[in-house]
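*Asks:* Line by line, the protein sequences give chains A and B. At position 212 of the first sequence the residue is numbered 212 (full-length UniProt numbering), and the sequence of numbers has no breaks. At position 379 of the second sequence the residue is numbered 379 (full-length UniProt numbering), and the sequence of numbers has no breaks.
Watch out, some of these pointers could steer you wrong.
Since the list can't tell identical chains apart, any single copy or any two copies may satisfy a pair.
[As the list claims (entries may be wrong)] Here are the simulated DSSO-like pairs of lysine-lysine, each with C-alpha atoms no more than 30 Å apart in a straight line:
1. Lys3 / Lys395
2. Lys395 / Lys282
3. Lys282 / Lys222
4. Lys322 / Lys395
5. Lys222 / Lys197
6. Lys3 / Lys111
7. Lys197 / Lys398
8. Lys398 / Lys3
9. Lys322 / Lys3
10. Lys322 / Lys282
11. Lys282 / Lys200
12. Lys205 / Lys282
13. Lys398 / Lys205
14. Lys398 / Lys322
15. Lys111 / Lys197
In short, the hints are calculated from the structure, not lab data. Note that the structure is a prediction, hence the values are computed from the model and not measured.
2 protein chains.
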Amino acid sequence: MAKPTPLSGFPEWLPDGRIVEQHVLDTLRHTFELHGFAGIETRAVEPLDQLLRKGETSKEVYVLSRLQEENSQIPDRQLGLHFDLTVPFARYVLENAGRIAFPFRRYQIQKVWRGERPQDGRFREFVQADIDIVGAGELPYHFEVEAPLVMAEALGALHEIGLPPVRILVNNRRVAEGFYRGVGLEDVEGVLRQIDKLDKIGPEKVSELLVTECGATDDQAKACLALASISGSDVGVIDEVRSLAESYGAVTELLETGLAELGALIAAAAQRAPGVVVADLKIARGLDYYTGSVYETVLVGHEQLGSVCSGGRYDTLASDGKNTYPGVGLSIGVSRLVSRLLSADLVQASRSVPSAVLVAVSSEEERATSDTVAAALRARDIPVEVAPSAARFGKQIKYADRRGIPFVWFPGSAGEDGVVGADQVKDIRSGDQVDADAASWAPPAEDRWPRVVPRG
Amino acid sequence: MAKPTPLSGFPEWLPDGRIVEQHVLDTLRHTFELHGFAGIETRAVEPLDQLLRKGETSKEVYVLSRLQEENSQIPDRQLGLHFDLTVPFARYVLENAGRIAFPFRRYQIQKVWRGERPQDGRFREFVQADIDIVGAGELPYHFEVEAPLVMAEALGALHEIGLPPVRILVNNRRVAEGFYRGVGLEDVEGVLRQIDKLDKIGPEKVSELLVTECGATDDQAKACLALASISGSDVGVIDEVRSLAESYGAVTELLETGLAELGALIAAAAQRAPGVVVADLKIARGLDYYTGSVYETVLVGHEQLGSVCSGGRYDTLASDGKNTYPGVGLSIGVSRLVSRLLSADLVQASRSVPSAVLVAVSSEEERATSDTVAAALRARDIPVEVAPSAARFGKQIKYADRRGIPFVWFPGSAGEDGVVGADQVKDIRSGDQVDADAASWAPPAEDRWPRVVPRG
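The following block holds chain A by itself, in its conformation from the complex:
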């Protein structure tokens, strides 16, 4: 077999990169669980007809077939790999509605697949970490405040390993819809679709499109762009929107509802996650199922990477015709985060293996002695490996050094008088070597497990 080459769009990490990714995953999971979210996993596949319910994503789906399918007598229902965790979660909620308690708070951390052209930060296989809160029939607004604040805390907990600060941009569909209808534009989805292009093509082109595609007058287009230009992290932004609407005679009940909601979110965020949440009236989110709050998140200084955590409120996450399940949630693009952390040298693992200690082996005949030391240390939760061969000690120390293992343990050996000397442990970074007892010695807490730290 010739040396294989990587597949574009399917990232894999070396062991030290995986330590970083695992740390990110553990941190997210811990924050989600602190907030009472229950973890679930769903299967990787869904029936193709379910995946294709939203036509626009059809191009991204990987379809499965079994190699011997033509010989099979009962052909499978056609299956595809899920491209997000929302579609499977909606199905899971319907399938298990009688067995889960609502409102249902769940997190889900899994790989998803999209057959798109790979780019920087855009993969064909990647990990998402989602939280959602789903109600049966109803879901109070306060969950739209809570969800992004949980994500602010989760991403904030990664700041200590070197993740840049995040900025969560929020908007509210009711504000946009109330405003557009107030200025006389009824094609709300159409307008949102054009506004969504602002960052890509700029205000002039969007203005043209609003006129040509959505039937807006120049004045209406101007109003939409004026709304989209408003942003800010305190409740003053609410007054700014209302003033703009008043100047166009565009204050509607829906707008007021939306502004009250957005104001509540901004006020709570200012208190609970100061400086993180910013109202940004141009955030549209391409997907048409959002009905209330919408969220996007950028890494400060890495805005061109795109959103690393997005989501919103949807009145109908799932429905079986009889019952409707509204939800609110956000999804972190973990692979996008981790690949940037690694490629931009923002972060590093303190070593590439879990072992804090390498137990040296004096001779193959005495390997059992080293195994006994290792077992004694592991019994006190210290990660240990035993040297692979009874090479000269210099070579065994080099083995540890190459992997970043900080300590090498030397079992005591019998002297010429037959008396067995004390075990010794060497900190190979400082060279310090001291007598030690495997029943009581422990490494400093910061050396026990690999740490993930900002790269100096």
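We have chain A; now place chain B onto it with these hints.
*Replies:* Frame of chain A, contents of chain B only:
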């Protein structure tokens, strides 16, 4: 959308089942890391030609295609989902050979897919947890002793949650090959293939097949069956095999090498994992790439479930023509274990959500007070959620009870005199309610996180 139905062979757990699975995964990972294994993940897909190198598995492979592939100008190299973690690991080793240090100790816990007919304990999508140790050029025998003992420890650590004891059955290919050649049978693979059927079709039919398929005489067939009938957990088993071989004049150098190896494993296991490892001379493992030790594992009392942890030594895990990488490893069928734990009611989670505390909400106006209490508790690593609505307290307590949340917190409210009373926390199991301060109160350690315990 009508209520969806499960897909056969694609297991999913409810939140309390997922807590059990997560506990199993965490326990395995922790044991692997204590032994210095570095975690990696590989992509879910491999080029189809790599997956099909061993022809016999071809029927199991799920092949991917992109829905719009015919429109694509550059067709993808055909990809399939991996059906185990060994093939991807071998590819990973070759791809990164210059960047990883050998011997390389890695664990890998991921889903795999096989398009087989689902049965009890046999799925189309399931989780495997693998450890392997891979050398560059050489790999000393002591790793063949170590690997199953790590798995014995990992599976033993699950005994406290209700996993039945395991029995690891070991054999050595050199013993079998040395013996078969000693009695004059040269078609070693053919004989192994028939011996592998013993449990399914019994000794008489196997004997017939040895004669008709492998050209054995009745006496040779009898010798093979006699070897296969030997088992035991102490080194006496080694003498038993040697005596048998002597009685057939079948002692070969290869047999002696194999017996020395097998004896070393049994001796070490008797000391380090008493009663767990059993030499069983009929263990053949269907796969032909094993070259030394082979392992299978049964749950005591659930033997009909099949092996839950299998593996062996292979002299050529990977090779790029210039370098060869021998390895030894085992793979735990995590989904098979977890599904049995759940379906046989062996185990349960102490609750279905992470939250140890539900903070009650007196009125929607006072929700911020409850949020503040929750934040104070979380800051001290206590998992908390806030009540979804300001319903009457009886209903809020019922919300906690339904999820198994043990404590409900009542923020102090202002009395008629305007003085705010102390917060109180209620253990809803006992009904005890006491004054409490969110800056210092903590639940008993056993209530802080959900526990997984044997079902009473």
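*Asks:* Would you mind marking each hint as holding or not holding in the structure?
*Replies:* To see whether the hints hold, each was checked on the structure:
1. Lys3 / Lys395: Only inside one copy: Lys3 and Lys395 sit 29 Å apart there, 63 Å across copies, limit 30 Å.
2. Lys395 / Lys282: neither (61 Å within a copy, 41 Å between copies)
3. Lys282 / Lys222: Within one copy only: 13 Å inside a chain, 82 Å across chains, cut-off 30 Å.
4. Lys322 / Lys395: The answer is between: 25 Å across copies meets 30 Å, while 70 Å in one copy does not.
5. Lys222 / Lys197: within (15 Å within a copy, 79 Å between copies)
6. Lys3 / Lys111: Classified as both; 26 Å inside a copy, 25 Å across copies.
7. Lys197 / Lys398: neither (56 Å within a copy, 48 Å between copies)
8. Lys398 / Lys3: Only inside one copy: Lys398 and Lys3 sit 27 Å apart there, 60 Å across copies, limit 30 Å.
9. Lys322 / Lys3: between (56 Å within a copy, 10 Å between copies)
10. Lys322 / Lys282: This pair counts as neither: shortest intra-copy Cα distance 35 Å, inter-copy 58 Å.
11. Lys282 / Lys200: Classified as within: same-chain Cα gap 12 Å, cross-chain 67 Å, threshold 30 Å.
12. Lys205 / Lys282: For Lys205 and Lys282, the Cα distance is within 30 Å only inside one copy (15 Å; across copies 76 Å).
13. Lys398 / Lys205: Close neither inside one copy (62 Å) nor across copies (56 Å); limit 30 Å.
14. Lys398 / Lys322: Only across copies: Lys398 and Lys322 sit 25 Å apart there, 67 Å inside one copy, limit 30 Å.
15. Lys111 / Lys197: Close inside one copy (28 Å), not across copies (38 Å); limit 30 Å.
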